[in-house]
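One letter stands for each residue in the lines below.
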Amino acid sequence: MNVQTPVRLSAAEEAFVGQLESAGASAAAERFRIIGLPTRRVESYHYTDLKTLLSAVPPLARAAKGASAPVIDIPGAYRIVIANGEVQNSGTAPNGVIVSKVAGATLTTRDDVLMRLNSALVSESVSVELTGHVDAVVHIDRRMEGDAAHVQSGAKIAFAAGTKATVIETVSGSDAAHMGNAGSYVSVGEGAEVTHILVDLSARQATHFASVEYRLAANAKFKSVVVNAGANLARAQIFAEFTGEGTHGDFYGLNLVDGEQHKDITLDVTHGVPHTTSSELYKQIARGRGKAVFQGKINVARDAQKTDAKMMMQGLLLSDEAEILAKPELEIFADDVVCGHGATCGDLDDTWLFYLMSRGIPRAEAETMLIRGFLAEIVDAVEAEHVAQALGDIVEVWLGKAV
Amino acid sequence: MSDYDIPTLKEEIDRETVDQVLALDVDKYKYGFETIIESEKAPKGLNEDIVRFISAKKNEPEWMLEWRLDAFRRWLTLNEPTWARVSYPKIDFQDQYYYSAPKSTSGPKSLDEVDPELLRTYEKLGIPLSEQKILAGVQDANGTASTPFSGNVAVDAVFDSVSVVTTFREELAKHGIIFCSISEAVREHPDLVKKYLGSVVPVTDNFYATLNSAVFTDGSFVYIPKGVRCPMELSTYFRINEKNTGQFERTLIIAEEGSYVSYLEGCTAPMRDEHQLHAAVVELVALDDAEIKYSTVQNWYPGDKNGKGGIYNFVTKRGDCRGKNSKISWTQVETGSAITWKYPSCILRGDGSRGEFYSIAISNGHQQVDSGTKMIHLGKNTSSRIISKGIAAGFSDNTYRGQVSAHRRATNARNFTQCDSLLIGDRCGAHTVPYIESRNSSVVFEHEATTSKISDDQMFYCLQRGLSEEEAVALIVNGFVRDVLQQLPMEFMVETQKLIGISLEGSVG
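Residue numbers (this note's numbering), protein chains in the order written: chain A, 1 to 403; chain B, 404 to 912.
One chain only, chain B, in its complex shape (with noise of 0.2 Å):
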């Protein structure tokens, strides 16, 4: 380079980072707007005849409202887990609101009748891949011209609690691929919904997964059919908006044998003061050779920099490889939420399966993270992967927790867990707790751990190039996680590293 470009290329960094500084303080969530469109709720609370309701709201078949009322029963009988390194108040499950569409007067898939707020709050979202276009494409092939597809991206989005739109689905169709909202698939391919649906996830798995069996709303489904690689990335953009409504998405994606599916989900939400819940259900299911890649950049509302309101993230989300030498690889970049109690698991049940887990998780503020994953090897010849990169920054505490463990008849299985942990500030914690079990001698399981801060040394190394103590940081952290990042698709890779710089902002100096 020469010497002319240094001057002129320092100038611009330094006001892309004046400016990301001021676009991005601590207090003014991006995404913290709230878009005013009339919405459709159920009363506050939560009994038999909420239940129903929302099932009625979806027009469900008879055995769907039955499967929600056995969940809602068995939920009466549960406790809410408190084993998770998390307080906060108690939650009061009758001030909820548990059901919540955007007011829509035709079916969603005519845009010209969406609510223009709708797609201003897409626009402000930013969502990446020229979202805009696509949605206008969506509205021009309602005539004959072909759409041009800008991107491989196949949006699903999820305004509160109802899919308005779906995108591409036609283009999916062609190779038989399923993949459209949860309400819809019970509606229209029940056969597999009946089949899959709560076999990864039992309804009793656990206090919020029974809740969420119970009153779920609205998610994704997706069905690869035999021998199909799906064409493009499909996504889901959720989103929380009308207050105190607790989103309760179910997703469900089912690979058939030696299919091939990748699956993105971001989420934002905007600012508010009253704690909100999420409490998902994901599951995934791989037949023989079929391969499922689920990436997560999770960046709700935090809360403000006193800890005063943020979403409460209680997640359950677990692959089943159910068949030999399937796959299924979890990614995940949480940066949000004021709680997040989320641990993505994966049941290696067929021989030779593989399970991998990639992390980012970064707390700032307030925040509290309690997150990791599972690895349980049933198969012969199953091996998994674990990489979890923790980053805490000012009050906050963050949790690595995840359980491998090896069945008797686990002959071979591999293990190979890393779990590093960085503290920026004196004020937070950082915590590792895994479980590791073993019951079989052929088995061979590795994990290690390291606690430390970002080293004197490269930070000196950085400062004395001429960077700023806050941009060392970034830089560094990006170094830090960049065995993870890696894993991200492209459409998510730039926008995370972005959001890690936005995540730490305020931590240094």
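Okay, chain A solo, but in the shape it has when bound (with noise of 0.2 Å):
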């Protein structure tokens, strides 16, 4: 009945069916063909057309021939440098830390076409194995090195039960038109204490896609933060799954936005058992003509009774030709739950601009001072204190270009 006409492939999507191929991924191919890449009416890209925004995608990456300096330096970390995809020999590590290379890519078969190139282009992985108190933070470095290039990256980090530890995971590089994609499978043991971040500070012209997937076991304690600080479009998709009672998970992320940007946090986190908790803030703030994008959902399982959990996306616009795009999903399927979130977005509230302003503070400043006030509240989360250094540094050089 229907006359409709056949779905032409844009360039880039040309591009990475030929990647695929060239990588013997004939299967992947075939289906990226038939798929290609989401635009808006694929639901969970609805904010993030890919189609549109993706024009030319680089070359796949070739081993990088030096590296840049350390984008951010925790004092006392331990540093597992990934460049251009492949895991480099690191120092001894520290005790209670085990790393290892794998073969192929780390991320489950996910119905997501960042997820499914991820795995069809990852050769090889990095594996960290975490065990009892690591006092060192662990720092996973994903470097795109050289001209601009398609980098491919996979980690899969285990915490065991009972581990207590802060992973951080940046990704930064050459100032080039690189075109990133990070997987990682994150494993929380039972009654573990962990914090996992993740940061974007690639260069200004680059493409970033991060896809994190959380595993929480039982009585676990966990914290996941996400900084959206560097590439021109970014995305960074969290999938975490309760699979334990008694756990509580406290997710934070910030997206800082400006010039032409494009930046995407997904969140989707899925309460599959009875007992668990959790809590999701996250800010955006943007300028220029930059776009920030929240995407939220909670999934509460038919048997999660007594899920408690609490979302909440706060956006600060700071010019009249950025956007803030929010979409905040509840989906429920157990009665016995407390489930709610809340979604704000404005400028900079007048009274409290006044006030500082009547008390002989200069407006920069004082608008300065809210938005600082404004973040804290993510860059605070975090307990190890090199790193909550790191990140308040991050959102002063952003804070520097400001106002």
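Calculated from the structure, these hints are not laboratory results.
Glycine residues also receive a C-beta, built at the ideal position from the N, C-alpha and C atoms.
Watch out, some of these pointers could steer you wrong.
[Claimed, not checked] List time: in silico BS3-like cross-link candidates among lysine-lysine, alpha-carbon distance up to 25 Å:
| # | chain 1 | residue 1 | chain 2 | residue 2 |
| --- | --- | --- | --- | --- |
| 1 | A | K310 | B | K856 |
| 2 | B | K856 | B | K901 |
| 3 | A | K221 | A | K164 |
| 4 | B | K460 | B | K598 |
| 5 | B | K727 | B | K598 |
| 6 | A | K306 | B | K901 |
[Said to hold, decoys possible] A few chain B residues facing chain A, derived, Cβ under 8 Å:
| # | residue |
| --- | --- |
| 7 | G630 |
| 8 | S845 |
| 9 | S855 |
Take each chain as given, in its own frame, and dock them per the hints.
This is the structure in structure tokens:
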């Protein structure tokens, strides 16, 4: 009955298909040819229409020659470098940390285009196993070096039962129009107390995608922090699943957007078992002509009685040409739960500005103070002192360019 | 209250509850009867000839036929939307009747010649506000005797697809108000129809709206002239009657500068097994300083307790606050239909315009509701308010899907959204999917949503005061939806409170 015209592949889509074929992933190439890049009609990419946003794909990365200086230096941290997707030899690991290389990618099979690309194109990943109390912060430092390249990388982080540790992953590299696609699979054992931080600091012209999967076992205390502070186009997608009772998860995130940037944080939390709790706090700040996107979904499964989940998104719009787009969702199948979400969006409060200015603080400074206060809630969530300091510095750099 | 009164009162309440339960069992849908009237219908299926047939039946001018054909051709190029959180077997659009009119030998103005079965249908429907008297009054009005209006409601009754009788027409005409069927408006007020039809919901807006544009059979047309405050609530009762007949209503309401109108829409449908398709389009246009209040109580057949049968309700409702300081307010109570796909929206184009959306959506049994609103802020100083209360029981799924967006020039736009969901039982689902899009820094949007069950404290409090579990649930739910109930016109409030109790029947215990 319908007279439809077949969909034509865009240049970027053709490039992906070519790269998948050259990597020997013919099944993935065939599938990609049919499905292509998501448009706004794909619900999980509603505000990040990759078909429109991606005009070109740089060639697949080759081994990096030389590396740029570390983009953030955390005193006392143990650093593992992945340059252009290749796991580099790192020094002696601290007690309780075992680092090895594993073949192939680390993500599970989820119906997501970025994750499928990652699974098809990553040839080796780093595996980090943590046990006991690990005092040193583990820093996985992903680099995109040399000329513009399409860099795929993978990491598997396993926190054994009872582990206490902090792992930070950063993405950075040379000043070129790279395209990064990083996958992380994180498992948190029973009773572990763990913080996992993901920071995008890639080059201004770069595109960066990150996908993280969390599996949280029983009685764990878990914290996730994601900061988007680089790349012209960035998307961080977080999939968290509570698989054991008695676990609490805190999820924080920050989208720092200016210029023509487009940054997306997409969160999907599944409470799959009873008696788990979570809180989600995401902040977005946009100026210039930037677009800040937050999509957050809390799923509560049929059996997940007594779930308590609260999600909050706060947006601060500093220019009339910037945009804040948000979609906080609840999908609930259990009846004995308390779930809620809130979302706000606005400018700096005039009365607060007036208060500060009436005390002799110049306008620009007053604005900076208020913005710093707005963002502090995320930075302060990180307990590891040097890491919090590093995140604070990222915010300061952004503020320096700000008002 | 004295001691003497309490037992009597208690007894009375008990008896009332028992009666209600008996009368309104989940299986025995109150409005599930079928009126046997001969009806005239087009053959099954949809093609250009059917579109021509409908147009010819309606004595439509050439331009209207062209409009329909254009819509039909565009419809062929569209795909059915799949994004809503509903699932149902694929609809065979060629297996539907697209036109059905009650057989009537004379013009609809004379009630004498209206099939007595039809009048009995109204009786059974229990149309409020002395509808029977109003109908009788119209009969008397053939003479010179003036008709004492027993209520302030004008009813445009839609029986299947043709407006059978329109009451209060003359009273309204005195104020210059036009309230008639859309078919009549096409013939008698072509300029207004040409100017506004499809101006809020464009022909190709979505799959169902396009289908409606091609085959709409009837609906209401309201025109309120400049500065007129409509002296009564206008009301339409929709009723789907003939087997396998899709009903495609088209409503167009135009409020000129400084005018006001309150429009009520209430629906019931008879019980049957085949799924029935309903794809209505409602367009509202509010010019400078005008206000339109549109209230709906939707209580179509939801299917039986196994999820068999029931109405598919795919509706496009949109209001355009075209003028400055105009206001459009949607209030809806959704308790019926197997599937509801409905998003009454406001386009806040005029500076200072205001949109409101108040909704109660109750789903029980195997019902699926995906409903919400869109508030599109285009003008300066526009404001909107969304209060949505979803209640899911049984095996149902209840989704709120709403969009609030402010465009570049929407300086100082404000929105407040509150959507609360209540879950009764552990086999149902409640979902919230808001889209919040801000493109102007002076905009302030606030959104909050909660999902919970009836708290044990509340239940305990009610039970220890001697209420039964079912009464307690009805009481608490009525409290939960109170903010929205208060927005309903008086005529609907009583009916709705009753409906809420009925809809949740069998959800506890």
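Hint check results:
A threshold of 25 Å between alpha carbons decides the hint, and for K310 of chain A with K856 of chain B the separation of about 16 Å falls inside it, so the pair holds. For the given pair, K856 of chain B sits about 21 Å from K901 of chain B by alpha-carbon distance, which is consistent with the 25 Å threshold. At most 25 Å may separate the alpha-carbon atoms for a hinted pair to count; K221 of chain A and K164 of chain A meet this at roughly 9 Å. Proximity of K460 of chain B to K598 of chain B is assessed by CA-CA distance (about 23 Å); at most 25 Å being required, the pair is judged to hold.
This hinted pair checks out: K727 of chain B and K598 of chain B have alpha carbons roughly 19 Å apart, not beyond 25 Å. The straight-line distance between the Cα atoms of K306 of chain A and K901 of chain B is roughly 32 Å, outside the 25 Å bound, and the hint therefore fails. About 37 Å separates the beta-carbon of G630 of chain B from the nearest beta-carbon of chain A, more than 8 Å, and the hint is not met. Hint status for S845 of chain B: holds, given a least beta-carbon distance of 6 Å to chain A, under 8 Å.
The interface hint given for S855 of chain B is met, as the beta carbon of that residue sits about 5 Å from the closest beta carbon of chain A, less than 8 Å.
In this structure, the earlier hints numbered 6, 7 are contradicted, and the remaining ones agree with it.
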